[in-house]
Amino acid sequence: MIELYLFLVFMTVAAFIATEIKDLLAAVISLGAVGFSVAIIFILVQAPDLAIVQIVVEVVTIVIFVAVVFRTTHVDETIGKKLTSSHVLSIVGFAFFALLFFVATVRALQELPAFGNATMKVASEYIRLGLSRAGGANLVGDVILDFRALDTLGEATVLFTSVIGVIALMRSVGRKKLKA
Amino acid sequence: MIIFLSCIILFLIGLYAIVTKRNLLKIVIGFALVEYAINLLFALIGFRSGMLAPIITQVDAPHRFVDPIPQALVLTAIVIALGTTALMLTVVLRIYNRYKTFDIAEIRKLKG
Amino acid sequence: MSLIVKTVTTIMIGFIFIYGAYIILHGHLTPGGGFAGGVIIAGAFILKILAFGSEAIDEKKSEMGSSIFESVGALLFIGVAIAGLVLAGTFFLNFLPKGIPLHLWSAGIIPFCNIAIGIKVGAGLFSIFLALAAVKYVMTD
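Protein chains in written order, with this note's numbering: chain V, 7 to 186; chain Y, 12 to 123; chain A, 59 to 199.
Simulated from the structure, these hints should not be mistaken for lab results. Mixed in with the good hints there might be a few duds.
Claimed, not checked - Capping the alpha-carbon separation at 25 Å, the derived lysine-lysine pairs in DSS-like fashion look like this:
no., chain 1, residue 1, chain 2, residue 2
1, V, 88, Y, 120
2, A, 64, A, 106
3, Y, 111, V, 87
4, V, 28, V, 88
5, V, 127, Y, 111
6, V, 28, Y, 120
7, A, 119, A, 64
8, A, 106, A, 119
9, Y, 111, V, 88
10, A, 118, A, 106
11, Y, 111, V, 28
12, A, 118, A, 64
13, V, 28, V, 87
Claimed, not checked - Restraint-style ranges between C-beta atoms, simulated for each label pair:
no., chain 1, residue 1, chain 2, residue 2, range
14, Y, 60, V, 156, 30 to 38 Å
15, V, 170, A, 143, 48 to 56 Å
16, Y, 120, V, 157, 39 to 47 Å
17, Y, 105, V, 99, 53 to 61 Å
18, A, 148, Y, 61, 32 to 40 Å
19, V, 157, A, 137, 55 to 63 Å
20, Y, 16, A, 161, 30 to 38 Å
21, Y, 88, V, 99, 41 to 49 Å
22, V, 11, Y, 68, 26 to 34 Å
23, Y, 88, V, 101, 26 to 34 Å
24, V, 68, Y, 68, 30 to 38 Å
25, Y, 60, V, 92, 44 to 52 Å
26, A, 65, V, 105, 27 to 35 Å
C-beta: ideal position from N, C-alpha, C; glycine also.
I would like the entire structure built from these sequences, with the hints used as guidance.
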């Protein structure tokens, strides 16, 4: 699986560029590179449902990000400014926390089964009963719409709430026409 | 193990952007990176080498599938991530329209 | 945008829309489902606005339409769940007959849930796009 490692390295480099570059449009495009390599990794680990959703969601995310950048500014003027003491303190604090977190996750990940050997205690039951109880051939669809449909109802609620939030924050009352 | 650790590194890059960056748009990008890292970790945990995607194509064939449950959890999480990112960007746009800057240090000075 | 972009968009929008509807309706048989198909359908409308500019649409009417469709999708999804509660005694019970496996008309309530989620996600994302990216106004406060 050499291509999996290649995409992981590419993704990490693109993520680092996205956080550090001065041009905000370039940062958004690097974020898109991360998202599309995540989609390709989803295909490589046999998750076509996730790959389809990730690709289209990534396109919409980039469109919204670019719209915001076009309406505001291209330049990240905070890069290259003199560091204040609180900024230095936040970097030191982050480094300390990252070290602790890294050690803790290494110990926690050792408890997991190794890559490529997932234990499927619950999933084997779903796979056995999927076609007879739910009836769908797509087992992921069976899980999200039959066995765990309440989870999907909660997701729909969260999406509805965020749409209401966006519309309420951008509502047309009190807006003036753009002079252009 | 190394593959899981690369997800953790992506998570830490996103957290670095959230904690130490002073530009609001970079902070939103950091949140998006953290979301990608967690989604990817879930999908990688459910992988079994040599197995197929969890789509039944023949009724009687033996079922040799990867784990469908992490995929089902991540499927909803991806769409939620889009909703939360859009909400964050809306707040960022409103803040820019009021203060004409993305710098959180400047915004703190201009409070009131 | 230029004439080439506009012409290609006019030709492609129908195909993108049909592809989204296919992804939704076959969500219980092939990869995809309500989430993916809904976002693809929203993408078709977003492509139209990006190519023709937001002058090509009536903003008030589009906002109203997407709000109505989103509410209809959410109510349809909850309605399917409550139908299970009323007719068979359990919230979200798959009460319809399962049909022949691997055929389009199978899987009980799952296709209906897929259609409801597809309408809801598509309309929701399109209204987010309208509010964030397509409006021609600036805020003053």
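Quick rundown of the hints versus the structure:
| no. | hint | verdict |
| --- | --- | --- |
| 1 | V/88 with Y/120 | holds (16 Å) |
| 2 | A/64 with A/106 | holds (8 Å) |
| 3 | Y/111 with V/87 | holds (18 Å) |
| 4 | V/28 with V/88 | holds (15 Å) |
| 5 | V/127 with Y/111 | violated (54 Å) |
| 6 | V/28 with Y/120 | holds (23 Å) |
| 7 | A/119 with A/64 | holds (22 Å) |
| 8 | A/106 with A/119 | holds (16 Å) |
| 9 | Y/111 with V/88 | holds (20 Å) |
| 10 | A/118 with A/106 | holds (17 Å) |
| 11 | Y/111 with V/28 | holds (18 Å) |
| 12 | A/118 with A/64 | holds (23 Å) |
| 13 | V/28 with V/87 | holds (12 Å) |
| 14 | Y/60 with V/156: 30 to 38 Å | holds (33 Å) |
| 15 | V/170 with A/143: 48 to 56 Å | violated (26 Å) |
| 16 | Y/120 with V/157: 39 to 47 Å | holds (44 Å) |
| 17 | Y/105 with V/99: 53 to 61 Å | violated (29 Å) |
| 18 | A/148 with Y/61: 32 to 40 Å | holds (38 Å) |
| 19 | V/157 with A/137: 55 to 63 Å | violated (18 Å) |
| 20 | Y/16 with A/161: 30 to 38 Å | violated (45 Å) |
| 21 | Y/88 with V/99: 41 to 49 Å | violated (28 Å) |
| 22 | V/11 with Y/68: 26 to 34 Å | holds (30 Å) |
| 23 | Y/88 with V/101: 26 to 34 Å | holds (29 Å) |
| 24 | V/68 with Y/68: 30 to 38 Å | holds (34 Å) |
| 25 | Y/60 with V/92: 44 to 52 Å | holds (48 Å) |
| 26 | A/65 with V/105: 27 to 35 Å | violated (57 Å) |
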